[in-house]
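Q: Sequence:
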Amino acid sequence: MNDYNAQLSDYIDGWLNTFIAHTPPCGHKRDTSLSPILNWNDMPTPPSSDLTKDTPGQSRRRSPKRPRQDDTPEENTTQDTPFDDNQTPTGPSRTLRMTIPTRPFSNPPTLPPSSSASLPSNRSRSTSPVKRDTLALLKKPVQFIPMEDMKVEENMQKAFNRIFDISQGDRFIPNAAEQEVRTSTQRTMLGWFFEHSDDKTTYHMEELAALLKIRAAAKSRQKGGAAESAWNLDVHGPLLELALKPFRSLNREILTHARISRPFVPEMRTDSFYNMISSKMIDFGITVQPSVSTAQHIRTVLDAVPHDKHSINPTTYGLIRYEPIAVPMETKIATGHVEEARVQLGLWVAAWHKRMSALRTSNEQIITLPLIMVVEHEWKLMFAYDQGDAIVSPLLFAV
1316 MNDYNAQLSD YIDGWLNTFI AHTPPCGHKR DTSLSPILNW NDMPTPPSSD LTKDTPGQSR
1376 RRSPKRPRQD DTPEENTTQD TPFDDNQTPT GPSRTLRMTI PTRPFSNPPT LPPSSSASLP
1436 SNRSRSTSPV KRDTLALLKK PVQFIPMEDM KVEENMQKAF NRIFDISQGD RFIPNAAEQE
1496 VRTSTQRTML GWFFEHSDDK TTYHMEELAA LLKIRAAAKS RQKGGAAESA WNLDVHGPLL
1556 ELALKPFRSL NREILTHARI SRPFVPEMRT DSFYNMISSK MIDFGITVQP SVSTAQHIRT
1616 VLDAVPHDKH SINPTTYGLI RYEPIAVPME TKIATGHVEE ARVQLGLWVA AWHKRMSALR
1676 TSNEQIITLP LIMVVEHEWK LMFAYDQGDA IVSPLLFAV
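Heads up: the sequence shown begins at 1316 in the working numbering, then just goes up one per residue.
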């Protein structure tokens, strides 16, 4: 055994000398003729591990054991090892190039491909049970209820009725576009069209041309299996701009990077272990540009709060700090999960309610908040309202 240890030590010293002992100064070429030649076949063979070859009456000597991290110092000192485990050979400075002799594996090990890597990249992942139950785990849960269970607030009744009529095809197309619409579709209804003054004809025809261009882009994105970002850029964004064009105080903002500020992250129940630090984000927000007096009042209120609360919205994203988000909007492609879109909208609504609660100075009920969820061409409008112990939103109109 002692001969083996001595031979192994000599061999290791020779290996180290191949790249340490004769390392030339920086900038000088190394003379390879002076370097010792390392022959892998000269490595000493360890003694036989056959128990039958041990001398009678002599116990077999075990290989040195690596000290465990939880061993005490006293236990570590009792190990009989031919090397000092606490000293690691180190090479020269990292600024020097050195060549370390290597021996390739004759049969290199291989790992089986991971299951996730073998799946197509466009295949959506299944929604985890935790994600589906996230809204129920909130301290003040968000619930999506059937439409017939909705309680329409008085301040929303007029708008709700008109939206319902439009969803049923009541007077939503201007007369100026009637001929083109009847030509391009297989079936039309008389109740679809509404009258308008002649001076509006040019505007409505330009609007129709823009809509046809957006429809062509949507067909192209759908046929090509475009990503969600492509839909947002070429279809949803332009359509929102067109819809908001008559309203000077309304804007659409892209909010894919507007993370919910930490003070407004919805609280979870005490018995929940779900991590809400990485709070979800939405895609768009329709913002309201306040009047001069209202804008000044908003700034005055926000100047008195900490930086992480310095926003009228539940996010401190710079573009929308002083412009309230009137309608949050989440988009998905066909392969995306509708349930995930609801979770993202629901968490945003919960954060928005938390922000509004911090701003209000009375017990007046928080107003109803419209929500939009889009899956390719299908747009769904919902209304989230405060029910006391929960925030509820019916599954409403498909447009």
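Read the hints as simulated data drawn from the structure, not as lab findings. Incorrect hints may appear among the rest.
[Said to hold, decoys possible] List of simulated lysine to any residue pairs, SDA-like, C-alpha gap at most 25 Å:
| id | residue 1 | residue 2 |
| --- | --- | --- |
| 1 | 1515 | 1494 |
| 2 | 1455 | 1669 |
| 3 | 1669 | 1465 |
| 4 | 1669 | 1563 |
| 5 | 1473 | 1569 |
| 6 | 1466 | 1479 |
| 7 | 1695 | 1609 |
| 8 | 1534 | 1524 |
[To be verified] Restraint-style ranges between C-beta atoms, simulated for each label pair:
| id | residue 1 | residue 2 | range |
| --- | --- | --- | --- |
| 9 | 1572 | 1483 | 34 to 42 Å |
| 10 | 1548 | 1501 | 26 to 34 Å |
| 11 | 1448 | 1506 | 19 to 27 Å |
| 12 | 1454 | 1500 | 46 to 54 Å |
| 13 | 1506 | 1653 | 41 to 49 Å |
| 14 | 1705 | 1495 | 20 to 28 Å |
| 15 | 1501 | 1693 | 18 to 26 Å |
| 16 | 1705 | 1653 | 14 to 22 Å |
| 17 | 1633 | 1544 | 15 to 23 Å |
Just so it is clear, CB atoms sit at the ideal spot from N, CA and C, and this is done for glycine as well.
Q: Take the hints in turn and mark each one as holding or not.
A: Status of the hints after comparison with the structure:
1. 1515 - 1494: 16 Å, holds
2. 1455 - 1669: 10 Å, holds
3. 1669 - 1465: Holds, at about 22 Å.
4. 1669 - 1563: 29 Å, violated
5. 1473 - 1569: 29 Å, violated
6. 1466 - 1479: 14 Å, holds
7. 1695 - 1609: Judged against 25 Å, a Cα distance of about 31 Å means the pair is violated.
8. 1534 - 1524: 16 Å, holds
9. 1572 - 1483: 34 to 42 Å: 38 Å, holds
10. 1548 - 1501: 26 to 34 Å: The hinted range 26 to 34 Å holds for residue 1548 and residue 1501, with Cβ atoms some 31 Å apart.
11. 1448 - 1506: 19 to 27 Å: Violated: the Cβ-Cβ distance is about 43 Å, outside 19 to 27 Å.
12. 1454 - 1500: 46 to 54 Å: 49 Å, holds
13. 1506 - 1653: 41 to 49 Å: 30 Å, violated
14. 1705 - 1495: 20 to 28 Å: 46 Å, violated
15. 1501 - 1693: 18 to 26 Å: 20 Å, holds
16. 1705 - 1653: 14 to 22 Å: 21 Å, holds
17. 1633 - 1544: 15 to 23 Å: Once the Cβ atoms are compared, 21 Å apart, the range 15 to 23 Å for residue 1544 and residue 1633 holds.
In the structure shown, a violation is registered for the earlier hints numbered 4, 5, 7, 11, 13 and 14, in ascending order.
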